[in-house]
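Here the protein sequences come in this chain order: A and B. Per the working numbering, the first sequence starts with residue 1404, numbered consecutively. Per the working numbering, the second sequence starts with residue 411, numbered consecutively.
Hints are computed from structural coordinates only; laboratory data are not their basis. Values in this document were obtained by computation on a predicted structure and should not be read as measured data. Keep in mind that a hint or two might mislead.
[Stated by the list, open to error] Mimicking DSS-like on lysine-lysine, the simulated pairs with C-alpha atoms at most 27 Å apart in a straight line are:
1. K1544/A with K491/B
2. K531/B with K1484/A
3. K1544/A with K549/B
4. K559/B with K1562/A
5. K1469/A with K576/B
6. K451/B with K1492/A
7. K1469/A with K490/B
8. K1466/A with K451/B
9. K1466/A with K1544/A
10. K1466/A with K490/B
11. K549/B with K1521/A
12. K498/B with K1459/A
13. K491/B with K1466/A
14. K498/B with K1469/A
15. K451/B with K1471/A
16. K421/B with K1471/A
17. K1562/A with K498/B
18. K1466/A with K494/B
19. K451/B with K1544/A
20. K421/B with K1469/A
21. K1471/A with K475/B
22. K1459/A with K451/B
23. K494/B with K1492/A
24. K1484/A with K494/B
25. K421/B with K1521/A
26. K1543/A with K549/B
[Said to hold, decoys possible] Between beta-carbon pairs, the in silico distance windows are:
27. K1471/A with Q488/B: 16 to 26 Å
28. D1534/A with E489/B: 46 to 56 Å
29. S587/B with Q1522/A: 46 to 56 Å
30. D1552/A with Q519/B: 18 to 28 Å
31. A584/B with E1557/A: 50 to 60 Å
32. T1501/A with L528/B: 14 to 24 Å
33. K1484/A with G530/B: 44 to 54 Å
34. S1486/A with S540/B: 31 to 41 Å
35. Q1522/A with V565/B: 17 to 27 Å
36. E1557/A with L528/B: 40 to 50 Å
37. K490/B with F1462/A: 23 to 33 Å
[Unchecked claim] Only part of the chain A face toward chain B is listed, based on derived beta-carbon distances under 10 Å:
38. S1480
39. E1485
40. L1498
We put the beta carbon where it would ideally sit given N, CA and C, even for glycine.
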Amino acid sequence: MTNTRIPFNPGFLFLDAGPAVVRTFVPEKAPFFMIVDQNASIVSYTIPAADINPTKDLFDRLKDLKTKYSTAWLPGSLIPKESAFEDAKNFVRTLPLTQIVNPSIHVAADGEVTFEWKQENFQIDLGFYGDNTFSYYARKKGQEPLFGDDIPVERGIPKELVDVASAI
Amino acid sequence: MLLGPHRSETKSAAPRYSPGLVQRDEIILRTVLDPDHVDPKNGNLSFAAVSLDDIQYRGWSVDRKKYTSLRRLRLYHQEKKRNKPGIKRFYVLPVRVSDIRFNPETGDQDFVVIDDALCGKPCHAAVLSSATGNQPKSKLKQFRGELLKRLPQYVGTLQIFESGEKYGYLLGMAKQSAVFLGSLRHLRTWRCLFFFGR
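Only chain A is shown next, with the shape it has when bound in the complex:
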């Protein structure tokens, strides 16, 4: 394996590329592309700072929410369980973030950590309460809605949801 370390401001991207691999990364938001030649040296790349590390962005968001909702919250509201954030974090590790856009993450008044994808032609509402499972509802124009309940977090995002979220 050739380990290629590509420096750019303000971070680094690590590549594990075999000797005869040509990889092109074309995530949803242009301009973002990278072409690696046979020796895994860079031919060209353009990486907006915001797209540097989508996984880290989501982890940071979860950490931020965990801090915000650990103390004061409104009367009648529930503080999310620590395990809800843990489940959300484990779920993030299963997300194919080169295929789908980052979800927005929020906390509801009943302690649910919600992941939201909203685009013009589809929406996904997925949430964690900290019982090691998640539930979701997804709808897309021209398709039957999708429902899922009590799905173990370790199973990760269902393929049918990836299909909905990646066909933008």
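The hints should help you fit chain B onto chain A, whose structure is shown.
Here is chain B on its own, set in the frame of chain A:
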């Protein structure tokens, strides 16, 4: 046996404090907290603005516009701000009751809007899904999506009331007092008098 939440639109959840049932042409107001309920990327209302527990059991709290006022709304926001200093801004969703009760595609009644007046807060009402029993979370999320789809864009607090709409709260309190005085024969309602003074 555990009783489910009150879901009847033809009967108040708190008849002793009720200024009247919620009418279909009424405007109800829901406070939106920024950043809790607003997506920081695009300013859209997030799903988290409506909790599943609220639409299934507790009731999604709203204020009836005709029984509140700008001053009361601001006092309410100040109280929230004291409890949660992280709130940056308050917005309000002005929702016409008839816009959320029925599903425009199927004609089914998805939501009920019930009079849920509280002692000293006659404007209080609640929105619940019309589905009874323990619903799966995915189904409640569908309800939540439907509700959010029917909500208007949130606006600033100052945009809600016309200059002549200053006495809604007083009207509500007058109606509540009349109902309350009529029910004084029940001794336990005396405790409400105590709360009025707070």
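Going down the list of hints, with the structure as the test:
no.: 1; hint: K1544/A with K491/B; in the structure: violated (39 Å)
no.: 2; hint: K531/B with K1484/A; in the structure: violated (32 Å)
no.: 3; hint: K1544/A with K549/B; in the structure: holds (18 Å)
no.: 4; hint: K559/B with K1562/A; in the structure: holds (26 Å)
no.: 5; hint: K1469/A with K576/B; in the structure: violated (40 Å)
no.: 6; hint: K451/B with K1492/A; in the structure: holds (20 Å)
no.: 7; hint: K1469/A with K490/B; in the structure: holds (20 Å)
no.: 8; hint: K1466/A with K451/B; in the structure: holds (17 Å)
no.: 9; hint: K1466/A with K1544/A; in the structure: violated (34 Å)
no.: 10; hint: K1466/A with K490/B; in the structure: holds (24 Å)
no.: 11; hint: K549/B with K1521/A; in the structure: holds (18 Å)
no.: 12; hint: K498/B with K1459/A; in the structure: holds (25 Å)
no.: 13; hint: K491/B with K1466/A; in the structure: holds (23 Å)
no.: 14; hint: K498/B with K1469/A; in the structure: holds (18 Å)
no.: 15; hint: K451/B with K1471/A; in the structure: holds (18 Å)
no.: 16; hint: K421/B with K1471/A; in the structure: violated (39 Å)
no.: 17; hint: K1562/A with K498/B; in the structure: violated (38 Å)
no.: 18; hint: K1466/A with K494/B; in the structure: holds (19 Å)
no.: 19; hint: K451/B with K1544/A; in the structure: holds (23 Å)
no.: 20; hint: K421/B with K1469/A; in the structure: violated (41 Å)
no.: 21; hint: K1471/A with K475/B; in the structure: violated (31 Å)
no.: 22; hint: K1459/A with K451/B; in the structure: holds (17 Å)
no.: 23; hint: K494/B with K1492/A; in the structure: holds (25 Å)
no.: 24; hint: K1484/A with K494/B; in the structure: holds (19 Å)
no.: 25; hint: K421/B with K1521/A; in the structure: violated (37 Å)
no.: 26; hint: K1543/A with K549/B; in the structure: holds (16 Å)
no.: 27; hint: K1471/A with Q488/B: 16 to 26 Å; in the structure: holds (20 Å)
no.: 28; hint: D1534/A with E489/B: 46 to 56 Å; in the structure: violated (33 Å)
no.: 29; hint: S587/B with Q1522/A: 46 to 56 Å; in the structure: holds (51 Å)
no.: 30; hint: D1552/A with Q519/B: 18 to 28 Å; in the structure: holds (24 Å)
no.: 31; hint: A584/B with E1557/A: 50 to 60 Å; in the structure: holds (59 Å)
no.: 32; hint: T1501/A with L528/B: 14 to 24 Å; in the structure: violated (51 Å)
no.: 33; hint: K1484/A with G530/B: 44 to 54 Å; in the structure: violated (34 Å)
no.: 34; hint: S1486/A with S540/B: 31 to 41 Å; in the structure: holds (32 Å)
no.: 35; hint: Q1522/A with V565/B: 17 to 27 Å; in the structure: holds (25 Å)
no.: 36; hint: E1557/A with L528/B: 40 to 50 Å; in the structure: holds (44 Å)
no.: 37; hint: K490/B with F1462/A: 23 to 33 Å; in the structure: holds (29 Å)
no.: 38; hint: S1480; in the structure: holds (8 Å)
no.: 39; hint: E1485; in the structure: violated (18 Å)
no.: 40; hint: L1498; in the structure: violated (17 Å)
The earlier numbered hints that this structure contradicts are 1, 2, 5, 9, 16, 17, 20, 21, 25, 28, 32, 33, 39 and 40.
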